[in-house]
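Trainee: Residues per chain, in single letters:
Protein chains: 4
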Amino acid sequence: MRETAIIIKEKIKPKNPVLIVGLPGIGLIGQVVARYLAEELKGKRIADLYSPHFPHQVFMTKKGGMRLIKNKFYYMTGKKRDIVILSGDVQAISSVGQYEVSGVILDYIEKLHIREIITVGGYSTGKINDKRRIFGVATSLELKKDFEKLDVLFGSARGSIVGAAGLLPALCKLRGLRGVCLMGETHGGYVDIISAKSIVVLLSKYLNFKIDFTKLDKKAKESEKILRKVEEEIEKSTIMPYKPGEGSPSYIR
Amino acid sequence: MRETAIIIKEKIKPKNPVLIVGLPGIGLIGQVVARYLAEELKGKRIADLYSPHFPHQVFMTKKGGMRLIKNKFYYMTGKKRDIVILSGDVQAISSVGQYEVSGVILDYIEKLHIREIITVGGYSTGKINDKRRIFGVATSLELKKDFEKLDVLFGSARGSIVGAAGLLPALCKLRGLRGVCLMGETHGGYVDIISAKSIVVLLSKYLNFKIDFTKLDKKAKESEKILRKVEEEIEKSTIMPYKPGEGSPSYIR
Amino acid sequence: MRETAIIIKEKIKPKNPVLIVGLPGIGLIGQVVARYLAEELKGKRIADLYSPHFPHQVFMTKKGGMRLIKNKFYYMTGKKRDIVILSGDVQAISSVGQYEVSGVILDYIEKLHIREIITVGGYSTGKINDKRRIFGVATSLELKKDFEKLDVLFGSARGSIVGAAGLLPALCKLRGLRGVCLMGETHGGYVDIISAKSIVVLLSKYLNFKIDFTKLDKKAKESEKILRKVEEEIEKSTIMPYKPGEGSPSYIR
Amino acid sequence: MRETAIIIKEKIKPKNPVLIVGLPGIGLIGQVVARYLAEELKGKRIADLYSPHFPHQVFMTKKGGMRLIKNKFYYMTGKKRDIVILSGDVQAISSVGQYEVSGVILDYIEKLHIREIITVGGYSTGKINDKRRIFGVATSLELKKDFEKLDVLFGSARGSIVGAAGLLPALCKLRGLRGVCLMGETHGGYVDIISAKSIVVLLSKYLNFKIDFTKLDKKAKESEKILRKVEEEIEKSTIMPYKPGEGSPSYIR
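Note that the protein sequences, when read in sequence, are chains A, B, C and D. Take any residue in the first sequence, count from 1 to its spot, add 1291: that is its number in our numbering. Take any residue in the second sequence, count from 1 to its spot, add 1291: that is its number in our numbering. Take any residue in the third sequence, count from 1 to its spot, add 1291: that is its number in our numbering. Take any residue in the fourth sequence, count from 1 to its spot, add 1291: that is its number in our numbering.
Hints are not guaranteed to be accurate.
Which copy is meant is left open, so a pair is good if it fits within one copy or across any two.
Lysine-lysine pairs mimicking PhoX-like chemistry, simulated, CA-CA at most 25 Å apart [as the list claims (entries may be wrong)]:
1. 1512 - 1371
2. 1440 - 1354
3. 1335 - 1370
4. 1436 - 1353
5. 1464 - 1363
6. 1302 - 1422
7. 1361 - 1440
8. 1510 - 1353
9. 1418 - 1354
10. 1422 - 1354
11. 1520 - 1418
Source of the hints: derived by calculation from the structure; they are not laboratory data.
Between the sequences and the hints, there should be enough to build the whole structure, so can you do that?
Mentor: Pasting the structure below:
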């Protein structure tokens, strides 16, 4: 495998679909939201994305299997609109990798006739109140207006968005697609379930679906545990393999 | 997006055109000059350049929009010659990226029948007088002679030029184009408005245009502020994403 | 050479073949096993793999020759099944390199109609008993059952496998091939001959071959010596070439 | 420019030719030998090699020009055999770059029907006598025998050869060409003119040319001075451009 590739597990013809992207990032908000939606709305896994820009290691499973590091696409039908969700273990680590992975994702969703992308992330404000605000930036006036009606704050967030949460909506504009990034206000130093929940509520209003929130807390803790494990393992592969350690032979890795 | 690409916004047929390049560099002279010319001469934006060799992040705008990191081409007509200006947020960070971006720029300007390239940069001499000198290096005897008449010093600068200011005129020679790099003498430790102005004056003589200098000071301060902000944000994306920080969970990025 | 390439030395048409992979890794178990099998079973060298993702240096031989860093394929016929062995000096150092090399290996073995891959590695448990356990992870239920019958423990190992030992069986699943990674329990801090031997015994049962174990100890020590030498040399090439050292001119490299 | 490229300045049809390669390396022996031969034997420049794997900067010349970092090919006719010489400012810095550059060089010389490659380097033995030994490693028995007759020691040098001096003869074997690396014994800590001279003498015997040695000392000092300058400049471009320095704005570079 020399380039990022998507392995399609099931072909779909979604109805007026939207892509929701939640990958590891600030406060783990995106990932908690995406994993929770995929599970609670009983999303069907339709495709996996693999990339040489992900770490070169596999995870062992409890049943004695193993799996590559990947990103996953889920699909669920809705009343008015169908939803595709992108979730995953990691984001590509280099700029070249991030641009390549984003390009492959956009190629795929264009084939599914998806013309709207919502990425979910966190926005660290240092101090937070009980009621978390949601900040937005959009590449489409239409999307901006829709989310402003749902109390998302546009023009308040400052600075930059690192990684897929920013790249995907910005790049999709070059293809004539609509994109918005929704950022839950968060402290930045821990997994923020309250903020994640506020985004799930927002999306349920925007996309008109019903969802049970009782398991969100449990799910978020599970997400955090998984990611910590994932990161701990990835850390191992970034140790320079040919650099001899102190007191132990260098071929031990 | 897997390779550097130029998105053309408007097709032009320039008359005996010259490309002026001013990207971030020593003393910020190139960028101040390019941005000032583009604004004061009312340049029309004709193309944007995007690259996977730029940082993988987007900037949020005041109006709640977002934009990719990019380089921009402007176009303005002149009495005798038309001018195309290349300005931008960043330069590619790696050698491979620098060569790729330069190649894409030269492909584009060749299509516009541009056969002359002027890059603008700074040259740090440590100590400076009120009257800043301008140093030049050229790949064309004709250009050298023209700028020598305008008091540019050839053969005085020593050492090397890092990045696009050097690569573009040197690479364009391989394609049979003329190139010169004009370097404003500068201290090196701050944005040098006096040196930038001296180059704007030089270019106005060489290309025979009139320009108001009253706003240069304000513009330069604005340029500095923007670049500081850009760099501050880019800094964030270069923090190793999988490296756990001290006292904060490693997935926070 | 711009991409990983396999140079075929001899064409073979193996009978119901299996690939056994043993490259440098934890406790050097994989490499000791692969080299020992190749030598004791009188494997014939059928192909060499070269890669720009291996270090850019060559080894000098005792006879005044030199050779590139490489991976090697050996072939031996068996009663029921033929065996192909992959051994080598190094693994690719980057993720992009690891994925490319794995892809080239899988392309090659598919051409040989190999549909089963066994990678051998080590699994560090910190403390070890005289009787080393063997852990397994598989991408095929069939392989898992076969090795469970031979006392390999599935579902006990935790975490991740870095490099080719994990990537090859995981990637081969995407091509419809069967894969298993066998990991010898080991301390992690030294070459583990006992653990390597236990895997050779396991493979002799699984593949139904007879093998003399008397030379394993000597072979393992030789393997360790060679690898230490290889790593010592590779270390030299990773010193930044343009970084001046202290007290010696910077062009010395 | 996205890939390493050779710009041909003059087409030649050499007679039974040999390639001699001398690039920056241990004791600067290769570079001193190659530059001296090219100048004393009045070599004609026939081609330049450029690469995105070389540093992204240009050197300013005394006459107010500038030039890209490059490698250069020279050509000279001989009584029995013609000679092509490869010399240059730098070697590619990464493994991927080294393999790409070597591949492009071999493609070019194959087109010139060159079937023999001699690379020149240094071999650090720590302590040295007045009479420097010359060590050799070859990929051709024929070449080995020829140089053994001229007192080159085969089988004495140990370890590895980093960079083009090793990669080129090793890779050329895969193409059916003959290759040898000649290493002048040297201390390792300074430019070794005595060792360089011993290799020039050796090559004059092997290739049957006459050469004046009186200017070698002067030439070697010049080579050292140039390379120090080159390295000093390259050092500048490897400073991380987006990393803010202490006490000075980060855009200053």
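Trainee: Now tell me, hint by hint, if it's right for this structure.
Mentor: Hint by hint, here is what the structure shows:
1. 1512 - 1371: neither (31 Å within a copy, 51 Å between copies)
2. 1440 - 1354: between (47 Å within a copy, 16 Å between copies)
3. 1335 - 1370: within (16 Å within a copy, 46 Å between copies)
4. 1436 - 1353: between (46 Å within a copy, 16 Å between copies)
5. 1464 - 1363: Both. Shortest intra-copy (23 Å) and inter-copy (17 Å) distances satisfy the 25 Å Cα cut-off.
6. 1302 - 1422: neither (40 Å within a copy, 50 Å between copies)
7. 1361 - 1440: neither (35 Å within a copy, 32 Å between copies)
8. 1510 - 1353: within (19 Å within a copy, 35 Å between copies)
9. 1418 - 1354: Only across copies: residue 1418 and residue 1354 sit 24 Å apart there, 43 Å inside one copy, limit 25 Å.
10. 1422 - 1354: Between copies only: 24 Å across, 42 Å inside.
11. 1520 - 1418: Between copies only: 22 Å across chains, 28 Å inside a chain, cut-off 25 Å.
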